Structures are given as C-alpha cells and as structure tokens.
Amino acid sequence: MAEERKKMTRAERLEAEREANLKHWLEQDELLFKHREESYDIGGQPQVERLAKQKKKPVRQLITQLVDPGEEFFEIGQDCGYDIGKVRLYGGEIYDSEKRGHIPGGGMVTGVGKVHGKDCMIFGNENRYAAGTYFPITLKKHMRAQAIAEASRLPCIYIADSGGINLPLQVGCFADDGHFGSMFYNMCRMSAMGIKQYTLSTGGNTAGGAYIVYLATESIMIEKMSFAFLAGPPMVKSAIGETVSPEDLGGAYVHTQHSGGCDHFVRSQDEGIQKLRDIMEFEPSQSLYTDRRETRPPKFDYKEMMRGTPVDTYKYINIKDTIKCLADDSYFHEYKPTYGPGRGDAIIAGKMWMKGIPVGVVASNASGVIYIDAARKATEWMIRCGNSNLPVLFLQGSPGYMVGKAEEWGGIGKYGSDMVRACSCLKSPKVTYVIGPDHGAANYGMCGRAFRPKFAFTNMRGRTTVMSGETAGFIVETVRRKNIIDKGQTVDEEDMKKFRQMMRDRYDAEGHPFYTGSINFHDGVIAFSEARDKLARAFEIALRVPVESSDWGDLKL
Amino acid sequence: MAVEVVAPMPGTIAEILVEVGDNVRTDEELIILEAMKMENPIVAPADGTVKEIKVAEEDKVDTNQVLLVLE
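Protein chains in written order, with my numbering: chain A, 117 to 673; chain B, 5 to 75.
Treat each hint with caution, since some may be false.
Distance windows between CB atoms, simulated [unchecked claim]:
1) A:Glu-209 <-> B:Lys-41: 32 to 38 angstroms
2) B:Glu-32 <-> A:Leu-671: 32 to 38 angstroms
3) A:Leu-673 <-> B:Glu-8: 28 to 34 angstroms
4) A:Thr-411 <-> B:Glu-23: 27 to 33 angstroms
5) B:Thr-16 <-> A:Arg-409: 25 to 31 angstroms
6) B:Glu-56 <-> A:Pro-453: 22 to 28 angstroms
7) A:Asp-608 <-> B:Val-7: 28 to 34 angstroms
8) B:Pro-14 <-> A:Ala-566: 27 to 33 angstroms
9) A:Ile-601 <-> B:Val-7: 48 to 54 angstroms
10) A:Asp-667 <-> B:Val-7: 40 to 46 angstroms
11) B:Glu-62 <-> A:Leu-673: 37 to 43 angstroms
DMTMM-like mimics (lysine to aspartate or glutamate), calculated; alpha carbons at most 25 angstroms apart, straight line [as the list claims (entries may be wrong)]:
12) A:Lys-431 <-> A:Glu-646
13) B:Lys-41 <-> A:Glu-131
14) A:Lys-436 <-> A:Glu-420
15) A:Lys-431 <-> B:Glu-75
Bear in mind the hints are in silico, worked out from the structure with no lab data behind them. None of these values were measured; they are calculated from a predicted model. Cβ atoms here follow ideal geometry from the backbone N, Cα and C, with glycine treated the same way.
Kindly generate the complete structure, drawing on both the sequences and the hints.
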C-alpha cells in the first residue's frame, strides 16, 4: 500500500482520495434515500388500496395536504423501527416473537411543518402498519416530538388513527413514564402552558386513545370514519350485553352532538384537513429570536463537502472543508486559530451565518482526539456563545480525549469536565451533527443526546458507541485473557480470535446511524446534500422561543 | 526566520510528504504522524521553505520533538 502510494505525487494522491470520497458518500446517501423509501411506502400498494376502500388516504398524504404548498415537511425520527427485532436494547425478541421485527418509520410520522406560515409539530399514526398501534418505539418517537414541540412552543397537530397500544407488547407501552399515559400528560401540560393541541381523528380511538380527542384544544371527527369510546362494541357486548354499532357508540355525530367530547363534525378526511388549516389560521404568528440577515449561498456545494470527508470514519478530516460548505458565503470567523498548534486544532471553534442565522460552531478536526488545548478552547468558546445568546452547532467527530501520563498530569480530565459542564449549562439552542467517530467522553463534551441538544443528527459517517470496535475488542479480550489465566486455564487462541472479531462486529453494527436511529438515539440521518438546509431549519425551529441566558456553575479553569 | 515544526503528540512517522527545498504554504501537510491508531497530518504553521528534515519514516517521536525546520 505504501509502495503504491509513493508512485503518485501527493497532489495526485489527494485528488484521487477526494474523488473516491465523493463516490463513496454519493453511494452512502443513495443508501439512505432507499432506507427512507421503506417508511414512505410501508405496506405497498395493498395497504393503499385497503385504505381507499375506507375512503382514507395514507397519513403521509394527509400531512402533505395539511402543510403549506411548497413548504417542506421537516421530518423527525424517520429512522425509528428499522430492523428493531434485531436491536439488542429497546427492541429485539419482544418484537421478533410477534413478527413485528421491522417497522420502518416506527409506526408513526412526526415532524415540523408550516401551516398558514406557522411552524407546528405534526403527529400522524401510520395507518398502513399494524392498524396504527403504538409499539414501545412509537412511544419513544412520540415523546421526542412532544418534547421538541414543548421546547419550541410549537402548536401540536395530531392526526389520530390508532388501535392504541399494541397489545402483545403492552409491557413496553403502558405503565412507565414515557409510555402511553405520558402522551396525555404532555398534552395537558402543554395546553396549560398555552401551547395549542389540535386533533383530527381519522379512525378508531379506543380506551385511553380517546383522550387524544377529548384533551385537545379543539378536535375534529369524521362521519362514519372516526370513533372514540372507552370500550369498543365487542367489549360493551361482553360487559353489559348491549349491542351497538361503532357509529352509534362513539361516532363523530355522537361526540359532536351529544357527548360534546369533540368540537367539529366533518364528512371526509379532506374536510378534516381543511378544518385543521382553518384553525391554524387563527394561531398567532411566530417570531424568530435572532438577528437574521439575508441568506448568502456558500461558495462550495455539498459535493465539495463529500470530497473533503474521508471514507474511513477514523481517518483525519479537515473540518474546515465541511464548514465552508455549510456557512453563508463560506465565511467562517475562527476563534483562536493559532492556539496550540497540532493540539489546539483538534477542535475548531468560531462562528458563521447559516441561511442568515448567526451560529457558533464547535467542530472536531483532524483526528478528533481532544487535547487539553482543544478542550480549553472549546469551553471558552461555549461560554462566549452562551454569554452572547448565540446558538451553537456541534460538529462531532471525536473518538475521545487524549490519553496518557502527560495529558492526565496536565489535567485533561479536568478540562474535559469543563467542556461537559459548559455544554450542559449552555442554554442557547444546541444542534449536534455527528460526522465521524462519536465515542466516550467526547460524546459528552461535544453535546451528545444526554446533553439535550435541541436536535441531534448524524450523517452516514457517524458512529456512536462507547468506544471504537477495535478498542472494545482489545479491552474485552484483555479482561477475558486475564480471567482465563487467573483460573489456571489456557487461552484458546482460535476462540479468542473469534471473540475479538465478534466484539468488533457488534460495535460496528451498533454504532451505525441506522441502528442508533432505529431506537431513536438521534433525530435523523442527514444526507450531505441536505445538511445546510436541515441544520439551518433546525436552528430556526429552536429559535422560536427567546434564548435563555446561561449560568456556568463550578468550572475548574 | 526559522520555524521549528514539532510533534504535537508521541507517535510514529508514517510518511514524509515534502523534501528539503520545497516551498510550502500555511496549512499544507508536511508529515503524517501515526498516533492513537490514527494518521495525523502535521501541517505547516507558516509559509516557507523546507530547510531541514530531522526525522525519517518509521521513526518513533516524542511530544515537542522537532520534526522539520521551515525558513
């Protein structure tokens, strides 16, 4: 390999690498688009035909109708549920044994859309899969969308068509915090905060599910299509011997004329969607709490970002090649660019405009390994961003903090903890985009999910695990070897080799964006071609509320 | 003015990308240093000419060891 490389000049080699990068990321994003296609088209034509017989449209079509023409639906959590039967936590056997091991989209559609120019969080049960029932992953996704709505004070619109909790999986759906009841708890709290909750029922809402209608600020039911009751006709029959049709038990006319549990009677889904739009027209217009200026396109397009992104997640990256493709005018104001040469630039800090929105940047660079100098710079910059109410984009591609005696004595642990503290206490909106290795404490210092970024995204190069597969294989092997030797047994080298490989494969699989997305560890995989638009949109949504000032707590310095 | 380019971390010289007499610009890669199982590019801190290369490929180097001198 080294011999082969020498034959080319360095410039030729870099150019060849850049072209290989481009080809690779084009293929990877193609893979991502195909992956999404599964949730767009879940159930295929037979499901569409089945719905048509009930005069229903697939929920995605209803959402398209609801959102202002020409406005893109900002989908969140689309990667949920894929191959969930093979996922070792929040998934696995419980799904597989019920033959629900693959639920592209996770059983519902969530995302932000503009209706009459106002951003709202839209929830739609996937009526083409398992009667729109809630699986544990569906609830995780629902909670996430409600949390985003609450944080940004977005009105919520529920397009409800659900059989309720998926009964065979009830243990993961019913009783815990974050389960089915939390949907209603959140609706009540949000409405008390003045965040409007609107429901269009387009199908069954049984038992607790009926509350999504009753708890709404205003709700809509459709004649002979929507039903809401505490118990459906079969249960009524068995409990009290009463024979009653669904329409007469809890149809649209029952709740809009008699019980008063619902507020608007319509005759079709189209009418229902129109009614939602009519309601949203009255919602107050929203502000953007930032000093936005006119958008200027970057001088480099996303393909340049692909060229500058190495195929190998663990190969060094020049992150400024990425930043120049995200920033307005490709203009980046760098903080402390000359500080700690070779070490300080493991993190690049600075600010830029993204589609006119001023945004601070904390970005992993080169190998991403964080040295003391880089950690200190990052902490300083987060504090400066917080103090000036500047939102922050974290471009995370760091495998961890630098190890070894020199760094430990110098205080890498202390300075790393400062980063963790700063990113915890930073109250301006944070958006994290994983673009490479995402391991260990670096996940914390660079605003992983636990540090409540307003949005957490990854690209196809992101790998989120406690450490790399390579390192994990080595460590677990060492421990295992010691245990065997301590017991006075001999190490079977062949067995050990297999074990090491198994650990590597496991980590590689579990860190993949599709795996982490399947269990909602991030809000979505963003393709290179979408990065600028989606990240800017994420900040726009996060800036629907005034930026809170930050308090920094007990920093070490 | 001579500028010494030092190793930011301990590691092994994987590749030397320049020769004595080469003119380089700021941020241009000079040497690839393998450390923490990764290839780390050592880049020029300033514009200049390579005056001296003090290491060879596969050399093990320490933090702050001078790798190369620019003029």
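Verification of the hints:
Checked against the hint of 32 to 38 angstroms, the pair A:Glu-209 and B:Lys-41 passes, with Cβ atoms roughly 35 angstroms apart. Look at B:Glu-32 against A:Leu-671: about 37 angstroms separates their beta carbons, and that is inside 32 to 38 angstroms. A beta carbon spacing of about 30 angstroms between A:Leu-673 and B:Glu-8 agrees with the range 28 to 34 angstroms that was offered as a hint. The given range of 27 to 33 angstroms is broken by A:Thr-411 and B:Glu-23, whose C-beta atoms sit roughly 45 angstroms from each other.
Checked against the given bound of 25 to 31 angstroms, the beta carbons of B:Thr-16 and A:Arg-409, roughly 48 angstroms apart, lie outside it. Separated by about 26 angstroms at the C-beta atoms, B:Glu-56 and A:Pro-453 satisfy the suggested range of 22 to 28 angstroms. Our hint of 28 to 34 angstroms for A:Asp-608 and B:Val-7 is violated, since their Cβ atoms are close to 54 angstroms apart. Our hint of 27 to 33 angstroms for B:Pro-14 and A:Ala-566 holds, since their Cβ atoms are close to 32 angstroms apart.
Look at A:Ile-601 against B:Val-7: about 51 angstroms separates their beta carbons, and that is inside 48 to 54 angstroms. For A:Asp-667 and B:Val-7, the Cβ-Cβ distance of about 42 angstroms falls inside the hinted range of 40 to 46 angstroms, so the restraint holds. At about 41 angstroms, the CB distance of B:Glu-62 to A:Leu-673 agrees with the hint of 37 to 43 angstroms. The suggested pairing of A:Lys-431 with A:Glu-646 holds, with an alpha-carbon distance near 23 angstroms, which does not exceed 25 angstroms.
Taken as a hint, the B:Lys-41 and A:Glu-131 pair is honoured in the structure, with Cα atoms around 24 angstroms apart against an allowance of 25 angstroms. Taking the CA atoms of A:Lys-436 and A:Glu-420, the gap is about 11 angstroms. The hint holds against a cut of 25 angstroms. A C-alpha spacing of about 30 angstroms is found between A:Lys-431 and B:Glu-75, which places the hinted pair above 25 angstroms, so the restraint is violated.
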